[in-house]
Amino acid sequence: MKRLFSILALSGMMAFGTVSATTTTTTSTAATTIVSTTQDEEAPAEELTFHQELKKRFIEGGPGFMGIVLLCLILGLAIAIERIIFLNLSTTNTKKLTQSVEDALSSGGVEAAKEVCRNTKGPIASIFYQGLDRTDEGIDAAEKAVVAYGGVQMGQLEKNVSWISLFIALAPMLGFMGTVIGMIQAFDKIEAAGDMNPSLVAGGIKVALLTTVFGLVVAIILQIFYNYIIAKIDSIVNDMEDASITLMDLLIRNKK
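Using our numbering, the letters of the sequence shown map in sequence onto residues 43 to 298.
Certain hints may be false.
[As the list claims (entries may be wrong)] Computed spacing ranges between beta-carbons, pair by pair: (1) Leu113 with Gly150: 48 to 56 Å; (2) Leu113 with Asn135: 35 to 43 Å; (3) Gly150 with Lys201: 29 to 37 Å; (4) Thr91 with Met225: 28 to 36 Å; (5) Gly197 with Lys137: 22 to 30 Å; (6) Leu117 with Gly180: 26 to 34 Å; (7) Met225 with Val279: 42 to 50 Å; (8) Ala211 with Thr91: 25 to 33 Å; (9) Leu113 with Ala154: 37 to 45 Å.
Bear in mind the hints are in silico, worked out from the structure with no lab data behind them.
These numbers come from a predicted model, not from an experiment.
Positions of the beta carbon are idealized from the N, C-alpha and C atoms, including for glycine.
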């Protein structure tokens with residue numbers, strides 16, 4: 043009898059322990075689920091970086107017109123960077139060059155001055171060399187050579203700059219065209235659906251306006267580079283004109 047009570051007591055204890063463990067596990071699982079759900083709800087939405095946002099908007103705009111606008115940006119920047127490098131290499135210390143040519147004319151004559159110009163880079167040195175090379179034919183011939191070669195050097199400075207202005211005009215025009223086409227597609231969807239669904243209109247208009255935004259951004263970026271290049275060319279041309287006048291004065295004084 044005692045053995046029977048012992049067995050029943052042991053069985054009761056085991057059953058109670060199993061139920062308690064199951065209840066504890068269930069409670070823990072439920073608590074974990076609640077905590078996870080609460081954390082998920084409280085966790086803020088992950089913010090996109092600038093590059094991710096830009097990529098997202100670019101894809102939303104569609105590969106057609108957006109790709110063409112991007113191509114305008116790439117080509118325009120390539121030409122602009124090439125022109126900036128060329129113009130910076132073409133910049134010469136005009137006062138130093140003029141002083142060196144004057145000293146060479148006084149000490150070694152025209153040949154020494156031509157040697158100074160040969161060892162100096164830039165359009166101003168090239169113009170000086172052409173003028174000095176025609177001094178034997180007279181001052182008038184030297185002046186004509188300076189003016190003619192100055193025009194050649196100006197053309198080299200302005201080379202490919204017109205392409206940048208083309209891309210500045212083309213990028214927003216392509217953006218506007220993409221916007222118009224997107225609007226047409228949005229109205230086509232409305233006509234096909236037979237109902238004025240705001241989601242159809244909003245989606246089409248958003249895609250359409252993205253092309254305009256990117257086109258304007260490209261035009262603004264290229265316009266900044268274009269204005270810098272034009273200002274740099276004007277500065278070099280002014281130095282060329284001043285240096286040409288100074289060279290003529292030096293040649294006249296040297297003839298005397």
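Do the hints match the structure? See the list:
no.	hint	verdict
1	Leu113 with Gly150: 48 to 56 Å	54 Å, holds
2	Leu113 with Asn135: 35 to 43 Å	39 Å, holds
3	Gly150 with Lys201: 29 to 37 Å	35 Å, holds
4	Thr91 with Met225: 28 to 36 Å	31 Å, holds
5	Gly197 with Lys137: 22 to 30 Å	25 Å, holds
6	Leu117 with Gly180: 26 to 34 Å	47 Å, violated
7	Met225 with Val279: 42 to 50 Å	46 Å, holds
8	Ala211 with Thr91: 25 to 33 Å	32 Å, holds
9	Leu113 with Ala154: 37 to 45 Å	52 Å, violated
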